[in-house]
Amino acid sequence: MAKTMKSVDAVMVGMGWSGSIMARELTKAGLTVVGLERGVDKSPRENFALPGIRDELKYRVRQELMLDTSIETHTLRNNPSELALPMRKWDVPPVGDGLGGAGAHWNGVTWRFSPSEFVLRSHLTERYGRNAIPAEMTIQDWGITYDDLEPHYDHFERLCGTSGKAGNLRGERIEGGNPFEGPRQNDYPNKPLIMSQAGLIFTKAAQNLGYHPFPTPASNSSSPYVNSEGLTVGQCQYCGHCEYFGCEANAKASPLVCVLPALMQDPKFELRTQAYVRELIYDKAAKKVRGVVYVDRRSGEEIEQPADMVVLCAYPFNNTLLLLTAGIGAAYDPVTGKGVVGKNYCHQTTSSVTMFVEDEINPWIGTGVSPAAIDDFQADNFDHSGLGFFGGGFISPSVSGGRPIQVRAAPPGTPRWGSAWKEATARWYNHSFPLNCHGISYAHRNNYLDLDPTYKDAIGRPLIRMTYNYFDNDYKMSAFLTEKAVGIARAANATIVGNPQPRRGNYGANNGGAAHHTGGAIMGTDPTTSALNRYLQCWEASNLFVMGGAAFPQNPGHNPTGTIGALTYWSAHAITSQYLKSPGPLVAA
Amino acid sequence: MSDDSTHDSIARRSFLKGAGAAGTAVATALSGALPAPAEAQTTPPAKEASPLPPAAEPLLTLTATEAAFLSAAYDTFIPADRLSPSGTDCGLLAFIDRQLAGAWGSGARLYRSGPFIKGTREQGYQLSLTPREFFAVGIKAANAWTRKTYGKDFDRLSAVEREAALKALDAGKAELNEVNGKQFLEMLLASAMEGFFADPIYGGNRDKVSWRMVGYPGLPATYAGKALEYRGKKIVIEPQSITDFS
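Those protein sequences? They're chains A and B, same order as listed.
This note's numbering numbers the first residue of the first sequence as 100 and each following residue consecutively.
This note's numbering numbers the first residue of the second sequence as 4 and each following residue consecutively.
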C-alpha cells in the first residue's frame with residue numbers, strides 16, 4: 100500500500116527547464132512545491148568537471164546523459180497497420196534524463212518561432228485558400244499569438260543569457276539580425292558569440308545570393324552574465340562539447356545553472372530525485388487531479404503525493420503517457436480523427452550537405468550552436484504557391500565540435516576504411532563542415548502516440564507507442580531546403596560539394612533528426628481538437644497543466660527550447676495572476 | 004603493413020600468446036610502424052617521440068579465435084601506413100576487449116524485455132543478444148563464411164581476401180546464415196572507429212595517434228581567449244588527453 104505524504108500546493112513531474120521554471124514561479128507566488136525527478140541528482144561541479152567531461156565515447160557515443168532504455172523507452176512503427184517494437188537502444192533520436200532534463204545536455208540553440216507558426220492553419224488558409232491544406236495535414240492554430248508570448252520569450256532569454264543580435268527591435272529593422280523574426284522588445288542580453296571561419300564563409304556566400312544571414316541565437320554565453328534570477332552564467336569556452344555533454348564553464352544555460360541554485364534556497368520547494376511517477380490520481384467526476392503516485396527508486400517504496408495542482412513537466416512521451424493511463428481526455432483515434440491525447444505527434448525534418456574547403460575550419464573550436472543561419476526559407480517567409488509543400492526551415496553551417504569519433508567527413512567516393520580512407524580523413528578533417536537544414540514537421544493524421552499493448556517499462560507502465568513516418572510534405576520541403584543549401588555551398592566556391600542528403604525513406608533507425616519530439620497533449624482553442632487550452636491547462640482537469648513540447652500542435656522548423664521556456668513562463672503567469680485567485684478553468688470549454 | 008597471408012595456425016597462436024603475455028611481438032611491430040619522419044612533423048619538434056609502452060595485455064573476455072579475428076579486421080580497417088600504426092598496434096584489441104567485458108558489452112543500457120520479434124530495418128536493433136554475445140556469434144558466423152568461401156578463418160586470409168570479405172559483408176553479399184552480415188560489419192566498423200578515435204583512456208588511440216593524424220588537439224579545449232586568434236589559421240597543438248590532466 101502506498102505511503103501518503105503531506106499534501107502540497109503543487110507538484111512538478113519532471114525537473115528540466117519547465118519543471119524548474121514553473122516551480123520557481125509558483126514558490127515565488129507563495130506556494131509549497133514538490134519537484135519529482137525520475138533521474139539522478141546532478142551538479143555541474145561534481146558531474147561535469149574537467150577533464151572527464153570531454154569524453155566523446157562516454158557522453159556522445161554511449162550517451163551517458165540520456166535516458167537508459169533498459170528503464171524506459173518507446174515503441175515504434177511507421178504506420179498504424181504495423182507491429183510496433185521497442186527501441187532497445189537509441190537508434191532513433193534519444194531522450195534526456197536526470198535533473199535538468201534535456202536542458203543539461205542540449206546545444207543551447209534558442210529560437211523564437213516565426214509569428215505565422217502560431218496561427219498556422221488560419222495563416223495558410225488566408226494566404227493560399229480554403230482548399231490549400233491537404234486533408235491529412237492536421238495542423239492547427241495554437242490559441243496564442245507571437246505577441247502573447249513575446250514578453251515570455253524575453254524572460255527566458257534573460258534567464259539563459261542568450262547571445263545573439265536582434266533583427267527586429269519593436270518593429271525597427273536592425274541590420275545584421277534576423278529580418279524575419281517577430282518584433283522584440285529587447286535585444287538579446289548577450290552580444291553574439293565569436294563568428295567561426297565556417298560562419299564567415301557561410302555568411303559571405305549567403306549574402307552573395309541575396310539571403311539574410313545572422314548569428315544563430317545561442318544560450319552559450321558570450322560573456323559572463325548575471326541572469327534574471329541573479330545567478331551568474333559563465334563565459335563560453337568554445338570547447339566543442341555541448342550536445343550530449345554537460346558544461347563545466349556554466350556557460351551553457353541549464354536549469355542546473357540558471358534556476359535550481361535559486362530554487363533550492365527556497366524553503367517552500369522540495370526536490371525529490373529518483374522519484375519515478377507511476378500515475379496521476381484523477382477524479383473524473385470532479386474533473387480534477389488529486390496528486391500523483393510515484394516509486395522512490397532508492398527504497399522501492401510506492402508513495403502518494405497529494406497536491407492541489409499538478410504540472411506535467413516531463414518529456415512529451417511521458418506527459419502523454421500519464422494522461423493516457425489516467426484516462427484524462429479521449430485518446431486520439433487516427434481512423435475517426437477524433438480524440439485529442441496522443442494527437443499530432445511531430446518530429447523535425449533535417450538534412451545536410453557537406454562542404455569541403457581549403458580554409459582552416461578548426462572544427463574543434465566551436466559552440467553547440469551553429470555560428471550563423473538564414474531564415475529566408477523558414478516557415479512562410481517565402482511564397483509556397485506551386486511548391487507542393489508548406490513550411491520550411493533554417494540553413495546553417497554546423498561546426499559544433501570536431502569530436503573525431505563522429506565528426507570527420509570524407510568526400511564522396513572515399514572508401515569506408517583502409518589507407519585511402521585515412522588519407523582522406525587526414526586531408527579533410529580540418530577542411531570540411533556540413534550545411535544543415537533544420538525543417539518543420541507538420542502534423543499528419545497517421546502520426547500519433549498511444550499506449551503500447553505489449554511492452555512495459557521498469558515500473559510496469561505501458562511504453563508509449565509512436566506511430567510515425569515522414570510524408571510527402573516533409574520530403575518535398577527537405578528536397579527544397581537541401582537544394583538551397585547546395586546553392587550556398589556552390590556560392591562559397593567549395594572545393595568539393597558533398598552528396599546532398601535530403602530526407603528520404605521511412606523514419607526510424609539511423610534516419611531521424613534532432614531529438615525534438617513534440618505533440619501528444621497539444622494546446623488549442625477547442626476541447627474537441629486539443630488536450631490543453633491556451634494556458635496549457637488541461638480541458639478535462641482544471642488543476643492539471645502540461646508543459647513542454649507536448650503542447651506544440653505541430654513542430655515548426657526552429658529548435659523548440661526557446662518556445663518551451665516561453666510557454667512555461669506564459670502558463671506560470673496565467674496561473675499566478677488568474678488561476679490562483681479563482682481555481683478553475685481559465686477558458687470556458 | 005605486414006602481409007598476413009603467410010600466417011599459419013602456429014603463427015597465430017604464438018602471436019596471441021605474445022599478446023596475452025608481454026606483447027613483445029606487437030610492440031616490435033609497432034615500433035616498425037611509427038609514422039615516417041616526414042609525417043611526424045605535425046608534432047612540435049620540442050617534444051621528443053617517446054617509445055610507446057607495450058600494447059598488449061591479458062584479455063578480459065575475448066577468446067583467442069575472437070582476438071585473432073578482430074585483430075585482422077582492425078588491421079584491415081586501419082592498416083599501418085604513413086599516417087598511423089595498424090589498428091591492433093593502436094590498441095584496438097585492448098579497446099574492444101574492455102568494452103565487451105564492461106557494462107556496454109553486457110547490454111547495461113539495452114531494453115531487454117520480450118517478446119523479441121524480428122522487426123523492420125526502421126525498428127533498429129531487436130535482438131536479445133548483448134553486444135558481447137553479438138560479437139561472439141558474428142565472429143563465429145563470419146569465420147564459417149570465410150572457411151566456406153576461401154577455405155580459411157578470416158584472420159588467416161591474405162590482405163586482399165580480407166578486404167574482399169569485409170566488402171562483401173558491407174555490401175550485404177556475404178550469407179552468414181543466421182547472423183545479418185551487414186549488421187555485424189556495421190558494429191565491427193563502429194567499434195574500430197570508436198577505439199581509434201576515442202580518448203586513449205579506453206585502450207585504443209595509443210599515444211593519441213589518430214588525433215595527431217587529423218589534427219584534433221583534444222583537451223582541455225578552452226578556447227575563449229583563442230577563438231578569434233586561431234580563426235582560419237593552421238594550428239598545430241600537441242594533443243592532450245584525459246590522462247594528461249589526471
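Hints should not be assumed to be uniformly reliable.
[Stated by the list, open to error] A short, non-exhaustive set of chain B residues, derived as facing chain A with CB atoms under 10 Å:
{"#": "1", "residue": "I81"}
{"#": "2", "residue": "N183"}
{"#": "3", "residue": "F200"}
[To be verified] Listed below are several chain B residues computed to face chain A (Cβ distance under 7 Å; list not exhaustive):
{"#": "4", "residue": "F80"}
{"#": "5", "residue": "P82"}
{"#": "6", "residue": "D84"}
{"#": "7", "residue": "Y114"}
{"#": "8", "residue": "L132"}
{"#": "9", "residue": "Y153"}
{"#": "10", "residue": "A201"}
{"#": "11", "residue": "L222"}
{"#": "12", "residue": "R234"}
{"#": "13", "residue": "I240"}
Think of the hints as simulated: they come from the structure by calculation, not from any bench.
All figures in this text were calculated on a predicted structure; none of them were measured in a lab.
No residue lacks a Cβ here, since even glycine has one placed at the ideal position from N, Cα and C.
To see whether the hints hold, each was checked on the structure:
no. : hint : in the structure
1   : I81  : holds (7 Å)
2   : N183 : violated (13 Å)
3   : F200 : holds (4 Å)
4   : F80  : holds (4 Å)
5   : P82  : holds (5 Å)
6   : D84  : holds (5 Å)
7   : Y114 : holds (4 Å)
8   : L132 : violated (10 Å)
9   : Y153 : violated (19 Å)
10  : A201 : holds (4 Å)
11  : L222 : holds (5 Å)
12  : R234 : holds (5 Å)
13  : I240 : violated (9 Å)
Hint compliance for this structure: hints 2, 8, 9 and 13 are broken, all remaining hints hold.
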